[in-house]
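Work out the full structure: start from the sequences and follow the hints.
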Amino acid sequence: MELTAADILFYLFGFVSVVSALMVVFVSNPIYSALLLAVVMSILGIFFFNLEAHFIAAAQVVVYAGAVMVLFVMVMMLFDLKREKEEVARFSILTVLKIISVGVVCGVLVGAGAMITGDGMGFIKVSTTEAPPPPSMLLKSDINAPTKQTTNPEELKDEVVEITQNPQAGVEIFTKYTDTQKLSLKLFSKYIFIFELLSVLLLVAIVGAVALARSKGGTHHVTRGS
Amino acid sequence: MQDQKGAHTMLHVGLNHYLVLSGVLFSIGVLGVLLRKNALIILMSIELMLNAVNLSFVAFSKYAQNMDGQIMVFFVMTIAAAEAAVGLAIAVAVFKRFKEVNIAHFENLKG
Amino acid sequence: MGTTWLEIIINTVKIAAIFVIVVSTVPLLVWVERRGPAFMQNRLGPNRVGPLGLLQLAADAIKFIFKEEFIPTKAEKILYFMAPGLTLLPAALTFAAIPLSTPINILGYTFKLQIADLNIGLIYIFAVASLGVYGILAAGWSSGNKYAMLGALRASSQMISYEIAMGLSVVGVLMMYQTFSLNQMITEQFGYFSFLWQGSAVELKFLPNWGVFFQPLAFILFLTATFAETNRLPFDLPEGEAELVAGFHTEYGGFKFNMFFMGEYGHMITSAALITTLFFGGYALPFISPEQVREFWIQNGHTLLGFTGLSMPDIASVLTTITHLVVFLAKTGFWLFFFIWVRWTLPRFRYDQLMDLGWKTLLPWSLVNLALTTALMYFARIVK
Amino acid sequence: MTDKFLIATMLLSPLIGFLINGLLVNYNNKSYLRSGIVATVAAAISFLAAATLFLKLLGVSAPEVVKAHFFEWINVGQFKANAAFVVDHISGIMILIITGVGTLIHLYSIGYMSHDEKPAKYFSYLNLFLFNMLILVLGDNLLLLFVGWEGVGLCSYLLIGFWFTDSEKAKAGMKAFVVNRIGDAGFILGLFLIFILFKTVEFEELAKLTYAPELGWGLLTFATMFLFIGATGKSAQIPLYVWLPDAMAGPTPVSALIHAATMVTAGVYMIVRLNFMFMATPNTMMLIATIGALTAVFAASIGLFQNDIKKILAYSTVSQLGYMFLGVGVGAFKAGMFHLMTHAFFKALMFLGAGSVIHGMHEEQDVRKMGGLSKKMPITYLTFLFGWLAIIGTPLFSGFFSKDEILWKTFASPMGSKFLWFLGVLGAALTAFYMTRLMALTFWGKSRVDKSVHVHESPIVMTLPLVILAVLSLIGGWVGIPEVIGHIFSIPNGWEHWLSKQVVDAAAHGSHLEEWLTMATSVILAGCSAYCAYFIYTKKADALEKLKNQYGKIYNIISNKYYIDELYQKTIVVPLVLLSKWFWSFVDVKIVDRTTYLLADIVRGAGSSLRLMVNGNVQQYALYIVAGMVAVLVVILTR
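Protein chains in written order, with our numbering: chain A, 72 to 297; chain B, 3 to 113; chain C, 95 to 478; chain D, 19 to 657.
Worth flagging that the hints you see were computed from the coordinates, not collected in a lab.
We put the beta carbon where it would ideally sit given N, CA and C, even for glycine.
What you were told as hints is all true, and nothing was included just to trick you.
Keeping only pairs whose Cα atoms sit at most 30 Å apart, straight-line, the calculated BS3-like set for lysine-lysine is:
1. LYS85(D) with LYS519(D)
2. LYS39(B) with LYS168(C)
3. LYS240(C) with LYS101(B)
4. LYS22(D) with LYS85(D)
5. LYS171(C) with LYS98(B)
6. LYS394(D) with LYS464(D)
7. LYS39(B) with LYS240(C)
8. LYS168(C) with LYS98(B)
9. LYS101(B) with LYS171(C)
10. LYS171(C) with LYS39(B)
11. LYS329(D) with LYS571(D)
12. LYS98(B) with LYS240(C)
13. LYS168(C) with LYS101(B)
Over 12 Å on every C-beta distance to chain A, these chain D residues come out as not near it, computed from the model:
14. LYS48
15. VAL83
16. LYS139
17. LYS519
18. THR556
Residues from chain B that face chain A, not an exhaustive set, calculated with beta carbons under 10 Å:
19. SER58
20. PHE76
21. THR80
Following this line, the structure appears as structure tokens:
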């Protein structure tokens, strides 16, 4: 099978994301690294799109690129951080050690990633070849026949039951519904409790952030650089 | 790649490519955390690491035809957002107090 | 882009065409912006250059191009130059997902008058829209001017809070249409106002099947949220001339300022198109579904385009597409006028009023709307 | 009354006496009468119970054994030891001796301890001794015997060192205890070996087993050897006898009871009790016989030139014990037992006699400062006379019958030998000599008592036991008249018959003529040496001086007890002390301490080096996390 547009795009965006990730770490001005990180996140959004995780892709862009990075940029702008003199720790044995260990981590992860075979190293069943005909691709503008979605709850309900009891059924369902429905079916059936728990977590985070932001900053008066 | 379709199958994007990419991004994140002195940059590197993990989750979700991966990404996102919020709040508080963002100055909790 | 080279070419041509349409409407809007309010306030407006001041557009365009490019000393060079692009990019991208009209079937090919028909159209638009904030922040901060910075911060916080309100208000609509794809939504809105109530169908002849009648509250909320999102007048604190000179783009002149301008209007066009698609049936005629229109053209389409020698169905499909395109433009035009119309009627909000409105009224009401629609749909589904 | 009640009363009355005197009576009140009577009554009750028990055994239809099982003491795996007490033919005799002589000595002590500050303490210890001795004798298994064994060792220590304020006496007590402990160690090893070999320690079961005679040096020989070592410790034989002469530091009734009649005989009793086992190990028997004979002659020779009356009697006890072990060693268990009983009578008599002499002479013990007491202390003199006649073996007296029985068995028994018999006879002669010397120096001859001392006869409470014991030492021997004399007057040998069921002697073969001849030689020899001693010490005091300076060196050696104590001091005690000093200075300081300090240093060093890791540098912590992660990843992926 020759090179599809998607493959070209993957390599292009892959390269861009790696370069910008590196720049995020090594650029001296933090604002630029924040913006670059936003770029990386959008590119990841595109990758998700490629992997038929449409809702997650949109969510990624909205949540990460749109909100979290904006927070970072706003905070940095408030701090008005200009170029930093010596952003990376000066050259010392420790730095070498760090770089070596990161090299090892990268080697191990990339090696593992590259070597993963069909049986998924005994963890999960993975088919490294192309998944069954994906319902939609980014730029194939003409196909995309609207797939039939059942709306009445009874049919949906047994669908849900089917998933939880019979994981194998999961594969058929995987192809019948659009990505977002699949996600929501599972999310609100098997993982409903975690979903509610997350809301509590967010609440806690909000309260925490507000409390911290309002505090006068620091509990004991320590002169700078003491 | 033991894919039976022709020579240049190496180039056709499979699960391995995504995993390799997420591995690289993850190590860059770790590098950022280890090398940079600026607290905010460290927070951002952590975000980067989380994103790399998300990528591998989604890749696995697609190639294993199982929605759990995406659901996990969903959870990771919320947690990352919460973490970023709280992290930034702390950074703001610290900056207000010490007018300093370089973590080299915060080593009072010494052994 | 499709796999075959032909498709790729056709797609690029289509993208270019749509982009040109968007860009050309901007000067038109500017003209309307100047003439309309003048008319409302019983004054003339620009009429010196060309008939009714139409050439004024060209004059402004040329002016912007030739203005002196200057860069503030303390500015961050790179970011300063990137900022206008960053604002323009999302505006353009969001328009890609909006279906302009029915697909054309000519010579065996079908062309969709839509750059990208995504089955997640709506949240794609929201995603890209949320990136708009970067442009404003970058502009505000990189120009090194304190007022610009303040304007940028205000604008971004406003956009973020209203983004939530807009998102939530749309959820009600989504639950009704059960899909993100805008095409899908439009097909749901054909014909008469009808719905299933506990098994039995109910139909009201005098109302079209538009979203606005199903979700009136969502419509109002969405409308106000879009105003805030595009920094249009009641919410245009960031450029508040009175206090912050020109808000985040004070330091910009010449073409860069023009790009900001275009960005803002692009955003406005997209929002207007979105309102029509979500609530007013998109390119569909009120009571007539595209099929009926196509039938009509099959009977007497020949008279208009007989000379082209196309087969009858092709002609019919071309003609139906054109009619629907006209309908879509009419509706969007009306909403654009509405935007301009509101600008010269409502006073500007104070910053805290702005925030209260966003968090303390829009948000709760959209939650109420959400609850209401869920309840109604649930009862509607119970088969007696 | 049931046997159990009888045994219980016999055992517990001395214990109760001990408790009353020990706990209830105020320690330092002077009323010796009250505590004395309590102790004597307790001993008397115990004697009555013992007597009734003995009568139970006498009858024709009487049971062979009276047994009382109180509780199961130890039951671990195969090892089983019950608190059960047995009165059979052997222990029957012993309990009579212990309680009988014990009661007499208690009575005597009332008089003797009248001037003492803490009589209550003395009487409580005495009662405790009785209790322990009874346990030793009555125990139905070796372990219980050992309990009694240790108990009596303790009481002897307490009583020897009774006047502990005087450091000499305290040292003597300590010496007795330590030497006994060395013997006990041997005893314990023997006990263990027996358990290993036979998986049981009860006499009844041990008796049932058949023992193949072990000619070489097998385990059984070692077991019996170790038991014998215990016996030498307790009954003061050659290597471990040094403590007995020093034990005279205790009050005289104590020496009479413990170091004459009962405790020292424990070793002999133990061997007789296990006679079947000892018969199976000829090597040990030969060892016992030789040590017995040697001790007899050796102790007698030392006794010749002692000047302290109690030291003479102590060495005489050691020598007589030598005889008992000689008898037992040649397989004449019954004769050994017989001599044990007769010796208990006349030796207790002599000790008590010496006690009353000392009491009369107001704590004067040196024989050279006595003389001509026969007129001043007639009763003591007369009773002492009976004892003297018994010990030198004049016919008709108990000493003659038991000692000659042993000598005859040594001569005739297959295990015995002519040389041992000769040593025995030599010992008898020496015994006669120094006893007569004693009699001459204390009772006959002119009085060398200096004027200030007013000699007076002891009170009735002291002389009564003397008289009883004198009678016993006369008629004691008639119980076991040897058959060669007995059949003339048709008197059966009661003793042989009485012990024959439980004690099997080696078959002695020899004609009556030989027996008569050996008897005659020993009597004549003893008579001559007695006359010589009488002649030298009463008539020719100056001849003695001449003899002394002629053989000065030998005289010095013997009078200083062959310098045995000094020898032990040099060869054992000093090197032991030096060794322990070396251990302390080298092993302890250099090796043990050094290693512990080393460990401590290692830990502190590791601690400080680890502390460097926590230096506040956040990124270093991140590095550790990453390293950890890598390790985990590698492990998982290369699983």
